[in-house]
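**Student:** Combine the two chains into a complex, taking the hints into account.
The listed protein sequences correspond, in order, to chains A and B.
Residue 213 in our numbering sits at position 213 of the first sequence; the count goes up by one each step and never skips.
Residue 43 in our numbering sits at position 43 of the second sequence; the count goes up by one each step and never skips.
Note that these hints are calculated values from the structure, not bench results.
Label pairs and their in silico Cβ distance ranges:
hint : chain 1 : residue 1 : chain 2 : residue 2 : range
1    : A       : 178       : B       : 217       : 39 to 49 Å
2    : A       : 179       : B       : 91        : 42 to 52 Å
3    : A       : 83        : B       : 210       : 51 to 61 Å
4    : A       : 170       : B       : 232       : 19 to 29 Å
5    : A       : 196       : B       : 227       : 35 to 45 Å
We put the CB at the ideal spot given by N, CA and C, even for glycine.
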Amino acid sequence: MKNKMVVVTSGYERFVHWALAISCLTLCYTGLGILFKELNFLGVIFGGLKGLVTVHDFMAVIFAISLVLAIAMWWKEAGIFVFPEDWEWIKAAGGYLWHLDHVPETGKYNPGQKAFFLTVALCGLLMVVTGFFMWYPEKLGGDLMDWVYVLHVLGFVVIFAFFFVHLYLGTIGNPGSVSAMISGKMELPVLRMLHPKWVKEMEHEGKLMIANDKK
Amino acid sequence: MGNELVKLIDTTLCTACRGCQVACKQWNEMPGLRTKQTGTYQNPPDLQWNTWTLIRFQEYEDKDKNFTWIFRKDGCMHCTEASCVKVCPSGSLYYTDIKTVGVHHEKCIGCKECISACPFDIPRYNKETEKVTKCDLCYSRIKENLPPACVKSCPTGALTIGPKDEMIKKAYARVEKLGGDANVYGDKFVGGTHVIYVLQFKPEVYDELAKDPKVPQTIALWKSILKPLSLLGAGGVIGGSILHYFIHGPHKPHPEHYDEPKKQGGA
Chain A
1 MKNKMVVVTS GYERFVHWAL AISCLTLCYT GLGILFKELN FLGVIFGGLK
51 GLVTVHDFMA VIFAISLVLA IAMWWKEAGI FVFPEDWEWI KAAGGYLWHL
101 DHVPETGKYN PGQKAFFLTV ALCGLLMVVT GFFMWYPEKL GGDLMDWVYV
151 LHVLGFVVIF AFFFVHLYLG TIGNPGSVSA MISGKMELPV LRMLHPKWVK
201 EMEHEGKLMI ANDKK
Chain B
1 MGNELVKLID TTLCTACRGC QVACKQWNEM PGLRTKQTGT YQNPPDLQWN
51 TWTLIRFQEY EDKDKNFTWI FRKDGCMHCT EASCVKVCPS GSLYYTDIKT
101 VGVHHEKCIG CKECISACPF DIPRYNKETE KVTKCDLCYS RIKENLPPAC
151 VKSCPTGALT IGPKDEMIKK AYARVEKLGG DANVYGDKFV GGTHVIYVLQ
201 FKPEVYDELA KDPKVPQTIA LWKSILKPLS LLGAGGVIGG SILHYFIHGP
251 HKPHPEHYDE PKKQGGA
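For reference, chain B alone in the conformation it holds in the complex (with noise of 0.2 Å):
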């Protein structure tokens, strides 16, 4: 392929089926674990190392009162600046060929600094495998023409893929036809996500949803400026040791500092 992709969520078509979640387990083989009921049909309660997309399930009502859920679809957003792949010290995130965020796993150390970084709260660490997880949007079916299982399973066509400017065409047409609040989230900030969403309500509404998801500024703090710096200052030091030593020269005893002066015996 080669092109650059973007999977649109629309979460106006979203009826909570949750059939991408199951897709995306059984495609990337991922098992099921012993869930906990809090209140909510959000099951499970967060993404987690085994869920790498999870269905929002909020109840929202607005200034009029008027109830109404809000289903969101969590994920990796695959963004063009990602923070994760800046991060990642082992190459184990990487951007693919489609300008997505794909996954190495076997070289993962599952040091966490991605977890930190992602601004959408993203990767999940594995206790048992100590590596960290997240959706790949599914990269080995891409490679094959295929689309990715959640979009594949999606009833609704509120998931679909394909060339980056015909889908946000497509999101802005949509926000246009919908009208209110209703507006296109990803293609703004770090770089452009490849994971866009039609959200029909204001980002703030939205539950763990970024508003203004960045880069953090620290790492290029520590990355571009003390990473070199440590080189730098060990090889200044190295270096002015070199010259203090055949300019300077090395502390000697004073002929004083013997017992016996006049022999000077020792150095």
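Bound conformation, chain A alone (with noise of 0.2 Å):
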């Protein structure tokens, strides 16, 4: 091995992110083919555009219910901005726009990530109560309904288009930051740099795992 591997996340921590995001990609590309008359193709796998509709509301449930446990699994490290070392970050842009030997430090999960985190929470939870009754629209009755299907659709334009920047940034934007998903670790090298203060705190109270693959 070239670099130290550590160990980021837990076995628990990816099943969810999976099962959020299978669910949330499904639900993208089915509604797609609902919203859309031109892409009513798409449900051609599942049956025609009943079948499409009918994966949309089951993985509607599997997102829901993943949705709540990445919350409360990731709200107190990513939820909730610290200032003003976030603040910092936020005015570097994390270094994202223009070169920097040294980006702001910030804990487990910087500014931008905090910001993904709190917009899918969020839109996701917008998208499960707007689509709730979308299931029983009699509940709420026409005019209500009606700012329902708007905010179904709002939901979706934010998600989609944050799923391709998270989509990006997680893979090919910050080389060796995708295992953190897949096996679970990551680089030390890309840790000191996507996550230096975290590091150093790891190292300062002994918890820094280092995975222990053929030394």
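**Tutor:** Below, the structure is given as structure tokens:
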């Protein structure tokens, strides 16, 4: 091994992440097929548009459950901004827009990740609530339901765009970071770059878990 | 046919025999369901998935306490700018060649979006078939040059159908004859409906009749703005990411992030 690998996520975290990711993507796919008449053909693999709706309804339940688990699991680490250190990072745009040798140091999750988490949490809850009423529109009545459809599409606009931000920054935008969601480990140098303060804290507390694969 | 047809409901001629209600069920092969006595002759109490047209019974007293019955045949108005067609994601609801709103039942996915959108509260959901139903102005009969079942059954001439211009002219002539508060309802909103009423009283007098029916503005908000924005937003992000990757480049560790900076082993 060239670089030390550090354990950064638990199996449970990765399980919840992938449950959320797969259900979310399936919902985006089926949702696109329902939203756009031109994309109705996406339903062919599920036996037509009705099949698309059935899959959408089923995945909605998986999404709702994994969303609640994800929020319960991550909100303390990723849901609360810590000032002033997060503010310094925001002013530097995390080093993503212009070159910085040293990005202002933040905790385990930087403000960009926190903003992403909060957006997914809030828009996800919006989708769950509006989606629920789309099953039972008679509970709200026509006038309120008109806005429920608007909000459901608005939530989709945000989540769909944010998904691609997340995909880019979690893979080729930050080489070496995707392994956190696959093996649960990341290379120490990458960690020192992306989460310097967290690495220092964990080293200081002696909690940094180096994966002991064939030393 | 292909012409634009309009069905005229002259409420002042209706005797509430409900022949139209029965004929509608018969032609469309809709079953009768167990009903509820709610203290009125109106039966069933409301439009249902199996009841596409309904005579509404209303007891009305004017300012001078003169009692009168109001009978209004309720059902799809067949809007020119139909909210239900605008929201229907499957193409189940569509404009026919005679400008009415037809239904392709086999396409309906039971999403209920039309139920919320309809300004006249017409579409009804059938839990068992998971589909929405409503009047299609007997499109199958009109195709064969037959009048809709309700019109055919009407013994008083309260229901008539014909070319749009003629029927509107007929409605206004009737209103002029009736005088007072009598008015034509339907030709002035949602692009003009293909079912129009001659009403004896002002529209606000009638139970369950929309005073100011409109296509909900929210539909344009999500159909015309948010829908394209969902693709533009995602496309913009993908394009931005690609640009970022090639112009700014990915985040790579600084040499001093490595344990042995001299070797520069990784990356």
